[in-house]
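Each chain is listed here by its residues.
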Amino acid sequence: MRKISLFIILISMSCFSQNKQLLYNFTSVPQSMLTNPGSDVNYNWFVGIPLLSGFSANVGSSSFSVYDLFANNGVDFNTKLRNVVFSTSRNDKVVMNEQLEVFSGGFKLGDWQEGSYFSFGMYQELDVLTYMPKDYAILALDGNKDYLGKVFDMGDLNARGELLSVFHLGYHKKVNENLILGVRGKIYSSIFNVTSTKNSGYFYTILGTNNVYDQVISANGLVQTSGLTNYLENYSGNAQSDIMKKTLLGGNLGLGLDLGLTYYPKENLQFTASLIDIGFIKHTKEIESYRYKGYYNYVGLTPDFVLGNSNDILDEFNDAIPLDTLHTKYTTWRPLKFNSSIQYSFGDGRSSDCNCSGGTENKYKNAVGAQLFAMTTPRTPLMALTAYYRRQIFESLEMKATYTVDSFSSKNIGLGLSTTIGKVNFYILADNLLEYKDISKARSLGFQMGLNIIFPDKNTFD
Amino acid sequence: MNKFLKIFILSILFISCSSDLDFNQVNDLKLEPVAVANLAAFDIKASQFVIGGVEQSLVGDVMNFDVFSDVDFSKNLSRVDLFFEFNNTISRAYNISFYLLDDNNTKLYTIPFFVPANTGSPVVISKTEIFENTKLDILIKTKKVGFVITMLPGTPLTDASVGNLKMRSSATIYFLAQ
Numbered sequence: 001m002r003k004i005s006l007f008i009i010l011i012s013m014s015c016f017s018q019n020k021q022l023l024y025n026f027t028s029v030p031q032s033m034l035t036n037p038g039s040d041v042n043y044n045w046f047v048g049i050p051l052l053s054g055f056s057a058n059v060g061s062s063s064f065s066v067y068d069l070f071a072n073n074g075v076d077f078n079t080k081l082r083n084v085v086f087s088t089s090r091n092d093k094v095v096m097n098e099q100l101e102v103f104s105g106g107f108k109l110g111d112w113q114e115g116s117y118f119s120f121g122m123y124q125e126l127d128v129l130t131y132m133p134k135d136y137a138i139l140a141l142d143g144n145k146d147y148l149g150k151v152f153d154m155g156d157l158n159a160r161g162e163l164l165s166v167f168h169l170g171y172h173k174k175v176n177e178n179l180i181l182g183v184r185g186k187i188y189s190s191i192f193n194v195t196s197t198k199n200s201g202y203f204y205t206i207l208g209t210n211n212v213y214d215q216v217i218s219a220n221g222l223v224q225t226s227g228l229t230n231y232l233e234n235y236s237g238n239a240q241s242d243i244m245k246k247t248l249l250g251g252n253l254g255l256g257l258d259l260g261l262t263y264y265p266k267e268n269l270q271f272t273a274s275l276i277d278i279g280f281i282k283h284t285k286e287i288e289s290y291r292y293k294g295y296y297n298y299v300g301l302t303p304d305f306v307l308g309n310s311n312d313i314l315d316e317f318n319d320a321i322p323l324d325t326l327h328t329k330y331t332t333w334r335p336l337k338f339n340s341s342i343q344y345s346f347g348d349g350r351s352s353d354c355n356c357s358g359g360t361e362n363k364y365k366n367a368v369g370a371q372l373f374a375m376t377t378p379r380t381p382l383m384a385l386t387a388y389y390r391r392q393i394f395e396s397l398e399m400k401a402t403y404t405v406d407s408f409s410s411k412n413i414g415l416g417l418s419t420t421i422g423k424v425n426f427y428i429l430a431d432n433l434l435e436y437k438d439i440s441k442a443r444s445l446g447f448q449m450g451l452n453i454i455f456p457d458k459n460t461f462d
Numbered sequence: 001m002n003k004f005l006k007i008f009i010l011s012i013l014f015i016s017c018s019s020d021l022d023f024n025q026v027n028d029l030k031l032e033p034v035a036v037a038n039l040a041a042f043d044i045k046a047s048q049f050v051i052g053g054v055e056q057s058l059v060g061d062v063m064n065f066d067v068f069s070d071v072d073f074s075k076n077l078s079r080v081d082l083f084f085e086f087n088n089t090i091s092r093a094y095n096i097s098f099y100l101l102d103d104n105n106t107k108l109y110t111i112p113f114f115v116p117a118n119t120g121s122p123v124v125i126s127k128t129e130i131f132e133n134t135k136l137d138i139l140i141k142t143k144k145v146g147f148v149i150t151m152l153p154g155t156p157l158t159d160a161s162v163g164n165l166k167m168r169s170s171a172t173i174y175f176l177a178q
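Chains as they are written, first to last, in our numbering: chain U, 1 to 462; chain Z, 1 to 178.
Hint data in this document are derived by calculation from the structure and do not stem from the laboratory.
Treat the hints loosely; a few may be bogus.
Over the 12 Å line for every Cβ pair with chain U, so calculated as not near, a few chain Z residues [stated by the list, open to error]: (1) 51; (2) 135; (3) 170.
Derived SDA-like pairs (lysine to any residue); straight-line CA-CA distance at most 20 Å [stated by the list, open to error]: (4) U:134 <-> Z:19; (5) Z:166 <-> U:308; (6) Z:143 <-> U:86; (7) Z:30 <-> U:76; (8) Z:166 <-> U:177; (9) U:80 <-> Z:176; (10) Z:141 <-> U:171; (11) Z:30 <-> U:176; (12) Z:144 <-> U:309; (13) U:145 <-> Z:32; (14) U:80 <-> Z:45; (15) Z:143 <-> U:308; (16) Z:143 <-> U:315; (17) Z:30 <-> U:326; (18) U:441 <-> Z:19; (19) Z:144 <-> U:134; (20) U:145 <-> Z:30; (21) U:441 <-> Z:22; (22) Z:45 <-> U:78; (23) Z:166 <-> U:300.
For each residue, glycine too, the CB sits at the ideal point set by N, CA and C.
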């Protein structure tokens with residue numbers, strides 16, 4: 001029970017990047033087309049079992065684990081919290097991504113010689129990224145008394161979060177024997193969004209001369225929200241039906257594009273690349289944003305014994321750095337993901353009497369390759385490098401093992417299995433397997449699973 | 001063939017284990033930051049005690065100070081130290097009072113200071129007043145503060161008199177949030 005609750009907490013609390021190193025180019029799983037619309041897939045048609053076809057969650061944080069904070073080891077929680085805060089840097093991040101496919105499907109166009117496919121679907125996505133607000137944490141834990149001379153960086157507050165639904169329609173075509181190109185159009189419907197990624201400013205206290213301290217605060221902060229105003233104050237509606245409406249294109253809308261390709265320079269050498277979520281969302285409804293901007297050199301009360309024109313420090317502060325509530329529209333860009341891979345295949349996987357499969361992929365039993373993943377963030381992009389091995393164990397069972405190095409872990413081993421029994425395809429992919437020996441100490445975990453019904457491609461004329 | 005799959009799923013869901021965790025520890029969270037900030041400062045020239053050739057032996061000012069009375073602020077306070085430092089280069093002595101006042105200008109608390117006259121070497125007087133426990137309530141009720149400066153008898157000051165009476169002060173605020 002503890003494990004399950006922990007897993008749920010991990011998923012709901014702190015997940016990480018959207019690197020799907022196991023799913024990427026794992027073409028026996030139709031959902032791999034969501035990571036590359038130009039995947040070299042092979043089916044006549046498929047349909048995802050509604051709500052069960054694709055679930056993925058990535059869990060982790062770049063600097064600390066659940067164990068560091070919540071270990072039942074007799075150490076005072078506040079001590080553990082301090083240790084975590086002081087061992088992190090402002091570039092450490094806690095990131096969460098969860099996707100649930102509501103429906104999906106795809107079919108091959110034209111006759112057996114055609115190499116064109118349509119695929120479509122809808123999924124719900126939760127995406128959160130927050131950097132460690134280190135200087136704010138220091139102020140909350142210690143205050144400024146022991147930090148005279150330190151310049152607290154107000155830009156340490158950097159976070160974004162969004163719940164959205166995505167409707168997509170993809171097309172991919174085998175241009176020639178060596179090249180497959182794919183494109184996917186997306187409509188985003190944002191259920192809620194919180195963005196505060198462009199904060200700047202500073203706060204410092206040093207010893208003064210005429211005053212005890214020289215204290216300066218310069219702030220330029222902005223927190224934008226959409227889709228939340230109804231719930232911030234007295235709300236009388238039905239949240240469930242509201243969210244349903246927003247899911248079904250009733251939210252703040254946006255457009256996006258995925259591009260991808262698969263190229264075979266040689267029969268057993270494959271190169272792939274994709275750009276996912278080249279897109280934006282225009283936030284026009286239910287907007288409430290807060291801006292905090294100004295400069296204040298705080299000298300304290302200055303009594304005026306001659307004229308009586310003394311100051312009022314609260315008024316002074318509110319005039320210098322006013323907190324404004326705004327209702328202006330804003331646009332957010334979706335985190336752009338780049339994937340690329342190079343793969344070398346070997347070992348004859350054809351049955352001895354006939355070459356029924358025909359597709360380039362299934363000719364070989366084994367493949368080794370390397371993948372590169374990058375994702376835009378409010379600061380430096382996230383990067384991950386993966387080496388992998390793929391093997392067709394049986395005709396109906398395919399395996400992919402990965403070794404990934406990224407900012408969350410340098411020894412992330414993952415394993416994915418996809419099995420097709422009859423027409424039912426089941427896949428399960430999990431990374432950071434080494435961490436499962438003590439899940440509470442894991443800094444990142446990724447997990448994907450799903451069920452599809454696939455009618456295999458007939459590459460021969462009946 | 002499903003053996004592989006079963007082993008895989010089993011290994012993930014059941015063979016994995018977790019150290020003993022206790023999420024209720026969040027309730028032990030205690031934040032005890034200590035903040036320092038200016039409180040007030042003034043710098044009065046000796047000549048400013050003379051208006052139209054007449055020496056002003058009593059001056060004062062009352063200011064709004066609605067800081068500690070804020071509910072969100074006061075409920076997390078555990079102690080406040082007020083520090084004052086006077087620097088007198090005028091050849092006269094002063095009695096100075098710092099008053100904590102409520103909305104109706106009723107005195108809640110007085111911090112008195114005696115600043116001796118300057119006789120050649122600079123006079124520096126400092127004092128720290130600590131507010132905690134029930135004494136903290138006085139600060140929380142405070143809406144205004146006032147300074148009253150009484151110049152004690154001595155060699156009369158003129159427009160040409162030199163020297164300053166300087167004051168600077170700060171607050172050290174101990175928070176306790178849990």
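Does residue 30 of chain Z pair with residue 76 of chain U here, judged by a C-alpha cut-off of 20 Å?
holds (10 Å)
Non-interface claim for residue 51 of chain Z: all C-beta distances to chain U beyond 12 Å?
violated (8 Å)
Checking one constraint from the list: CA of residue 441 of chain U to CA of residue 22 of chain Z, max 20 Å. Satisfied?
Distance ~14 Å between residue 441 of chain U and residue 22 of chain Z Cα, so the pair holds.
Does residue 30 of chain Z pair with residue 326 of chain U here, judged by a C-alpha cut-off of 20 Å?
Roughly 34 Å separates the two Cα atoms, so the pair is violated.
Can the restraint linking residue 45 of chain Z and residue 78 of chain U be considered satisfied, given a maximum Cα separation of 20 Å?
Violated - the C-alpha atoms of residue 78 of chain U and residue 45 of chain Z are around 50 Å apart, more than 20 Å.
Assess, step by step, whether the Cα of residue 441 of chain U is no farther than 20 Å from the Cα of residue 19 of chain Z, and give holds or violated.
OK: residue 441 of chain U and residue 19 of chain Z at ~8 Å, within 20 Å.
Satisfaction of hint between residue 308 of chain U and residue 143 of chain Z, Cα-Cα up to 20 Å
Holds, at about 18 Å.
Residue 166 of chain Z and residue 177 of chain U: Cα distance at most 20 Å?
Judged against 20 Å, a Cα distance of about 88 Å means the pair is violated.
With a cut-off of 20 Å on the C-alpha distance, tell me whether residue 141 of chain Z and residue 171 of chain U pass.
Violated, because 70 Å separates the two Cα atoms, which is more than 20 Å.
Given pair status - residue 300 of chain U, residue 166 of chain Z, alpha carbons within 20 Å
It holds: about 14 Å lies between the C-alpha atoms, which stays within 20 Å.
Quickly compare the C-alpha distance for residue 80 of chain U and residue 45 of chain Z to 20 Å and report which way the hint goes.
violated (53 Å)
Below or equal to 20 Å on CA atoms is what counts here, so check residue 145 of chain U against residue 30 of chain Z.
holds (18 Å)
The structure does not agree with the numbered hints 1, 3, 4, 6, 8, 10, 11, 14, 17, 19, 22 stated previously, though it agrees with the rest.
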